[in-house]
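Trainee: The sequence shown runs 120 to 304 under the working numbering.
Heads up, a few of these hints could be off.
As the list claims (entries may be wrong) - Capping the alpha-carbon separation at 25 Å, the derived lysine-lysine pairs in DSS-like fashion look like this:
1. K298 - K222
2. K259 - K282
3. K282 - K298
What the hints assert, rightly or not - Derived Cβ-Cβ restraints for the label pairs, each shown as a range:
4. R278 - H236: 19 to 27 Å
5. H136 - G241: 33 to 41 Å
6. A220 - P138: 31 to 39 Å
7. V210 - R129: 25 to 33 Å
8. V239 - T149: 28 to 36 Å
9. E211 - Q257: 14 to 22 Å
10. R278 - D144: 30 to 38 Å
For the record, the hints were derived by calculation from the structure and aren't laboratory data. Positions of the beta carbon are idealized from the N, C-alpha and C atoms, including for glycine.
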Amino acid sequence: MPEQDRPNLRWYTVRAHRPEASEIDVDIVTHGDSGPGSAWACAAQVGDRAGYRSGGALYRGHECTGRMLIVADETALPAVAAIIEQHPDVVERATIHLEVADKAALTAYDFGGAEPHVHVRGDAEPGTAVLPVLRDAQLKDVFYAWICGESGMVTEGRRHLVKTVGIDRRQVLFSGYWKLGQERG
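Could you build the full structure based on these sequences and the hints that come with them?
Mentor: Here's what the structure looks like:
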């Protein structure tokens, strides 16, 4: 497909799938019109067309039986909610840390019986609130970690979990959903 004809691609978490109605629910964190995905979501009207390409779920915690750690910023809140909805046993085995600019980001989500630790960073850079907590936490018994959100926060969090805490790198799922100061191409 010629470059000028290629659509802008964005990756989102499917919160619900109703194949009998050919419907899916997707939560989108918007940042005004600062990026193609956010601009589209802010301008979308009922009936607008959107393409869909199935991907794979990044979460693999349901495959382990030990203690888990989940760390996310506001862009990964839909994924955290979907993990809990699809795997309710996570609530009993996972410690969940959510870093948000404002607690208002949490109002759209039901985290089941989970009681996530919420870290408000305000206008500070991503990772400012949650990374110090991870550095101070007792995490030696964590078997699996899932950390998603801003790329710098995710990379630093993974580095700490693998190099300092000693979690096997194959047991740390991490994904930078976005990068501070950069629009995803």
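Trainee: With reference to the structure, classify each hint as holding or not holding.
Mentor: Quick rundown of the hints versus the structure:
A distance of roughly 21 Å separates the Cα atoms of K298 and K222; the hinted pair therefore holds under the 25 Å criterion. Under the criterion of a C-alpha separation no larger than 25 Å, the hint pairing K259 with K282 is consistent with the structure, at around 12 Å. Taking the CA atoms of K282 and K298, the gap is near 23 Å; set against the 25 Å cutoff, the hint holds. Checked against the hint of 19 to 27 Å, the C-beta distance between R278 and H236 comes to roughly 21 Å, which is consistent with it.
Separation of H136 from G241 is about 35 Å and conforms to the stated range, judged on CB atoms against 33 to 41 Å. In this structure the hint that A220 and P138 lie 31 to 39 Å apart at CB holds, the actual value being about 35 Å. A beta carbon spacing of about 29 Å between V210 and R129 agrees with the range 25 to 33 Å that was offered as a hint. Checked against the hint of 28 to 36 Å, the C-beta distance between V239 and T149 comes to roughly 19 Å, which is inconsistent with it.
In this structure the supplied range 14 to 22 Å holds for E211 paired with Q257, their Cβ-Cβ distance being about 18 Å. Taking 30 to 38 Å as the suggested C-beta distance range, the pair R278 and D144 conforms, at roughly 34 Å.
The structure fails hint 8 only (numbered hints given earlier).
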